[in-house]
Amino acid sequence: MQDLLQHLINGLSLGSIYALIALGYTMVYGVLQLINFAHSEVYMMGAFAAYYSASALNLEARPGVLSLMILLFVAIFFCSCLGVLIEFLAYRPLRKAPKINVLITAIGVSLFLQYSAQVFFGADPKVFPQVLENTTLFTFFDVPIKSLDLSVFVVTLVSMILLYLFIFFTKYGKALRAVSCQIQVAPLMGISVNRMISLTFVLGSSLAGVGSVLVGLKYPKIEPLMGLLFGMKAFVAAVLGGIGNIPGAVIGGLLMGLSEEMVVAYLSSTYRDALAFGLLIFILIFKPTGILGKNSAEKV
Amino acid sequence: MPKKFKLFFNSNYFPLVVLVFIGALGWGASFALDSFVQLLLVYLVINMILASSLNLINGITGQFSLGHAGFMAIGAYSSAFLSLWLNRHFGLGENAPSLIFIVLALAAGASAGLAGYLVGLPSLRLKGDYLAVVTLGFSEIIRVVIINTNEIGGPRGFGGFLAPQSFLFSFTHALFWLVFCYFLIQRLLKSNLGRSFLSVREDEIAAESLGVDTTKTKVRAFVISSFFAGVAGSLFAHFVAYLTPQTFSFAKTVDIIIMVVLGGMGSLEGCLIAAVIVTLLPEALRPLQDLTGVDLRMLIYSLMLILVMILRPQGIYGILQSFKKRPGAK
Amino acid sequence: MNAPLKSILEFKNVTMSFGGLKAVSDLSFAVGEKELVALIGPNGAGKTTVFNVMTGIYRPQSGNINFRNKSVLGLKAHQISGLGLGRTFQNIRLFKNLTVMQNVLIGAQPHFKYGFWEPLVLSSRFLETEANAKKYALELLGHFDLKQKQDELASSLPYGEQRKLEMVRSLIGMPRLICLDEPAAGMNHKETEDLMNLILKIKKDFDQAVFLIEHDMKLVMGISERIVVLDHGCCIEEGSPEKVRGSKAVIEAYLGADGGSL
Chain E
91 MQDLLQHLIN GLSLGSIYAL IALGYTMVYG VLQLINFAHS EVYMMGAFAA YYSASALNLE
151 ARPGVLSLMI LLFVAIFFCS CLGVLIEFLA YRPLRKAPKI NVLITAIGVS LFLQYSAQVF
211 FGADPKVFPQ VLENTTLFTF FDVPIKSLDL SVFVVTLVSM ILLYLFIFFT KYGKALRAVS
271 CQIQVAPLMG ISVNRMISLT FVLGSSLAGV GSVLVGLKYP KIEPLMGLLF GMKAFVAAVL
331 GGIGNIPGAV IGGLLMGLSE EMVVAYLSST YRDALAFGLL IFILIFKPTG ILGKNSAEKV
Chain X
5 MPKKFKLFFN SNYFPLVVLV FIGALGWGAS FALDSFVQLL LVYLVINMIL ASSLNLINGI
65 TGQFSLGHAG FMAIGAYSSA FLSLWLNRHF GLGENAPSLI FIVLALAAGA SAGLAGYLVG
125 LPSLRLKGDY LAVVTLGFSE IIRVVIINTN EIGGPRGFGG FLAPQSFLFS FTHALFWLVF
185 CYFLIQRLLK SNLGRSFLSV REDEIAAESL GVDTTKTKVR AFVISSFFAG VAGSLFAHFV
245 AYLTPQTFSF AKTVDIIIMV VLGGMGSLEG CLIAAVIVTL LPEALRPLQD LTGVDLRMLI
305 YSLMLILVMI LRPQGIYGIL QSFKKRPGAK
Chain B
4 MNAPLKSILE FKNVTMSFGG LKAVSDLSFA VGEKELVALI GPNGAGKTTV FNVMTGIYRP
64 QSGNINFRNK SVLGLKAHQI SGLGLGRTFQ NIRLFKNLTV MQNVLIGAQP HFKYGFWEPL
124 VLSSRFLETE ANAKKYALEL LGHFDLKQKQ DELASSLPYG EQRKLEMVRS LIGMPRLICL
184 DEPAAGMNHK ETEDLMNLIL KIKKDFDQAV FLIEHDMKLV MGISERIVVL DHGCCIEEGS
244 PEKVRGSKAV IEAYLGADGG SL
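Chains as they are written, first to last, in the working numbering: chain E, 91 to 390; chain X, 5 to 334; chain B, 4 to 265.
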């Protein structure tokens, strides 16, 4: 029982990070119908931005909430700039091109970032600075609740609430939903589609930035290829929840984290990475629209 | 007979010229050149098979697979394992008859084709980009499975299986499969099945309304494509005589994707030319790479993907076409 | 109601709704063998949905659709096509990057019965089948004045010819019933007139049933043998052009309760 509870906590903690990344995939897919392969590299770059600013500011010497906030801010800022830049340089010129061409470009951008990172940062893993002390805050049914896990929860929860408020209670959020609902009609309502697409990338990439810092804290090893597999799993989480659906991405991410943790705990860690794809094929066969997704037939 | 000849080549002798040229190079190389050039030539032919077969899915049928390295791995490992088994039971040893490698290539193709069927059936029912993710995931799973299977060497690599002794045989064998693969696809395009592939790329709903079973058509393209990826894997395995899981990573798939994209998606001839470029580029870059100590190859490839898509989505094929159609030229 | 004696297509109490919206509700009608029937109705009456449920693109929630005395519910679109139901699309769906000839040959699915290897070995059955299919395709293209354009890309044809090509593509599969979805959309007066003659010619030369969705009243009244009028997903009138022309329900549906004249 105590074991199970511990695994649940680990799974939820991992799952909430998946959810953060999955949100980026799902939002871009909702607007552009594009699997943004470069999203996982935005996340990887965020981790490096945080890493270098932490060592520049020597934050490891002063662990605490303030240092965490600074890192989060740096990562968010850097990732949103990168996300917008990618959209502007690589995707915008292809707005009218076939979908497959945009997909290839996305893969190109993803590879380009991966290998540039290897050139600039080196291929060896780096240890992410621990800007937060991992102490046991209290115990819950004999399970120690660590400060790291708790801060992962809190930060994720706060970002999701902010995202929710933004999308459902602001003018920009409404415009964003309009674009994602009917990209052809939105401009007739005076919405600048390009600006909304950039905004989507800002939001998605910011969440990836948050996710990258949290991953750095929880699994303190960062490397240029860290995004590849993690991103794929987050994408599967987005499909699981129903691609294009924001609450779906959160549910999918949590489920993904939990099931991965359970597989590692009770089956074998070698199947850890196979799980995501097994899951994906399973969803595609039995419920291709995901948990919350709607069935959308092509209009004839 | 000449009429049939013309029909078969569809009055386009460029690929024939390319293939004869490569053949001449290879047969010349078998006694004149050093082993490095021989190696490159076999790699070139294998890459051409891989590119032509991926082109069938990504270019002609308009789907998007990112798992070609995975199917190649299945072919390579199953062929290597089978040859080991045959050797153990029949004691073929060093002087294994050449015929055995053709059988092995067929078996490798069949097992990759079967894997293609199993992966394709669920994912091809749906339209769009899911196939990309499923196939990418699939090829990663294959790699994980290989790494975790000790019978085929696990992460250390797999060797000690049968390998043909003569370069001439390896080369001719590979060339045979390339000719087969290329002309099968070329001829299919002039048949009902080939036109169905194209109709799926162009408009699935219209194709269905005309009686084309789009799911079946996609699965067929996928199986044919995986078959040849498996054959290429078998050729590769027995030529290098040693396999490691890293060979079949995502980077290998990217290599092949580059050939298809650079050649111009859907263009058979473009693929062949692009395969030459992609095979030789790393060698041309080697001095620069040694100088800078940077893996330039992948940087260039990824930039190429982006730039081709933005500036010249028709690739080399499109450029050739625009020369042909220049005003004044016939 | 004057339902045809021997019907090729029958709708029985078909209902199709999207979310809360009933696009087609409890609709019943029939199209007879070799009959030319038109389906008309104001915008949003559910006409295209009728086409989409019978060609297998959507599946209705209730009711039954029989084509040649066989239920098509649950069949895939290509299976229904294989039963002999051809169609065109409101917003032309040609294979744009393929040639006119390739477009037509893709429509000729039922004609090709050779094996996988035959194209590679150039078997005589393959060569004959292809040659015959091409000959027939040329004949049909000639019928529609498209013969000279066989090697052009479909996307390069002018609008009217694209419409015609779509019909040829569907006709070459020898359907028993051909469904035309707003064939006159975007055409001017002269083109519409030519189209009228063309449709009559199709019906006569190919001796088959035609089911037509159309907005253009002149076209519909001029050529239809029977008209089914749809409004809000329900059949509000059915019968000869004369009967429909005089129907009060139809006038109200089109022009509002105040009336007017068609």
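Hints in this document: simulated from the structure, not taken from any laboratory. Errors might be hidden in some of the hints.
Unchecked claim - A short list of chain X residues far from chain E (calculated; beta carbon distances all over 10 Å):
| # | residue |
| --- | --- |
| 1 | Leu-29 |
| 2 | Pro-126 |
| 3 | Ser-127 |
| 4 | Ala-136 |
| 5 | Leu-140 |
| 6 | Val-149 |
| 7 | Arg-160 |
| 8 | Ser-195 |
| 9 | Val-265 |
| 10 | Ile-281 |
| 11 | Ala-288 |
| 12 | Arg-290 |
| 13 | Pro-317 |
Said to hold, decoys possible - According to the in silico footprint, chain X covers these stretches of chain E (three or more CB under 8 Å from chain X):
| # | stretch |
| --- | --- |
| 14 | 180-186 |
| 15 | 200-209 |
| 16 | 323-332 |
| 17 | 365-376 |
Here the structure is a predicted model, which is why all the values come from computation and not from measurement. For glycine and all other residues, C-beta sits at the position ideal for the given N, C-alpha and C.
Against the structure, the hints:
1. Leu-29: holds, 31 Å
2. Pro-126: Nearest chain E Cβ is 5 Å from X:Pro-126, so the label is violated.
3. Ser-127: violated, 6 Å
4. Ala-136: About 6 Å separates X:Ala-136 from the closest Cβ of chain E, which leaves it inside 10 Å; violated.
5. Leu-140: violated, 7 Å
6. Val-149: Violated: least Cβ distance 8 Å, not greater than 10 Å.
7. Arg-160: holds, 16 Å
8. Ser-195: holds, 24 Å
9. Val-265: violated, 6 Å
10. Ile-281: Holds, because the least Cβ-Cβ distance between X:Ile-281 and chain E comes to about 16 Å, which exceeds 10 Å.
11. Ala-288: Given a closest Cβ separation of 18 Å, the condition holds.
12. Arg-290: holds, 17 Å
13. Pro-317: Given that some Cβ of chain E is not farther than 10 Å from that of X:Pro-317, nearest at about 6 Å, it is violated.
14. 180-186: It holds, with 3 qualifying residues against the three required.
15. 200-209: holds (count 8)
16. 323-332: Coverage by chain X holds here, the residue count being 3 at a Cβ distance below 8 Å.
17. 365-376: It holds, with 7 qualifying residues against the three required.
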